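Protein chains in written order, with my numbering: chain B, 1 to 114; chain Y, 1001 to 1112.
These aren't lab readings, by the way, just hints derived from the structure by calculation.
Please read these numbers as outputs of a predicted model, since none were measured by experiment.
Wrong hints could be hidden among the right ones.
Unchecked claim - Examples of chain Y residues lying across from chain B (beta carbon under 7 Å, computed): (1) PRO1044; (2) TYR1087; (3) TRP1102.
Where a beta carbon is used, it is the ideal one built from N, C-alpha and C, also for glycine.
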Amino acid sequence: DAGVTQSPTHLIKTRGQHVTLRCSPISGHKSVSWYQQVLGQGPQFIFQYYEKEERGRGNFPDRFSARQFPNYSSELNVNALLLGDSALYLCASSLRDRGINEQFFGPGTRLTVL
Amino acid sequence: LAKTTQPISMDSYEGQEVNITCSHNNIATNDYITWYQQFPSQGPRFIIQGYKTKVTNEVASLFIPADRKSSTLSLPRVSLSDTAVYYCLVGGGMDSNYQLIWGAGTKLIIKP
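So that you can see chain Y by itself, here it is in the shape it has in the complex:
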């Protein structure tokens, strides 16, 4: 099963764009890449999911290069409420027995 590596923590300021990169060298051909956000004492919340190239929704963009060995979550114009732990997951495909592998997460702190 593929393993993910992401920075333990990151700091940024309100109004800035934040990019969090995740490494997943052993991603299987039919695995997906998914990002979740988690606030303290809450369950994770889905942010975005993709397979290749670029995916954009109302809250974030996900950039996936052609080799799919990494991915970058981009949060535009962050606010204090974006302070949370962000998890990069790979899996969900047949080769991973449809399981999702969670990494340790990136603790993002947004400062005023």
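In isolation and in its complexed conformation, chain B is listed as follows:
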């Protein structure tokens, strides 16, 4: 079975632009979470979706939004990009939305904002 896939692998944008990152969870997984990881730091939680509903939101501005589709894939959108948005964006899928629940991570999308 394929693991979590993310696209694109790398992306270069300029300040003020908009970006859409995509994630396909492991087959059968209904929960998708998004994280931002700045170089040298641990991942920071952005969103969690389960069964197409938002179940959790981290401390990120409204420029960040996400959605989950009927096939459980997900998109993360970031508007009005800032230099500080440069990071590795990780997607993780899991069977359940809470409790004892192993998350499986994708390889990430490396976003560079110039």
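Take the given structure of chain B and dock chain Y to it, following the hints.
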């Protein structure tokens, strides 16, 4: 939300047992403790998860004292390929709004 504190870095040698301790003084009653491993340019990989006492799987053990204010990840007989960053997380329970809080991680370097 509970915050975790772990050593920034650790060194050890092949074949040794490595113990990484994480402090989480404000852990909520229904929070879990989870450890992940991350190699450069890869997404984190789940190692182990527990709530109390001791949990063991094929790659590691997790020791959690009764007060749950700390936890220790034990890696038996490490090899060079265990060089990575190890993250201690708490959360996942109702009091944490089911979120997981990631610390800064411990960079573990295994030497020959």
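Against the structure, the hints come out as follows:
1. PRO1044: With a closest approach of 5 Å, the Y/PRO1044 hint holds.
2. TYR1087: Given a least distance of 6 Å, the restraint on Y/TYR1087 holds.
3. TRP1102: 4 Å, holds
In the structure shown, no violation is registered for any of the earlier numbered hints.
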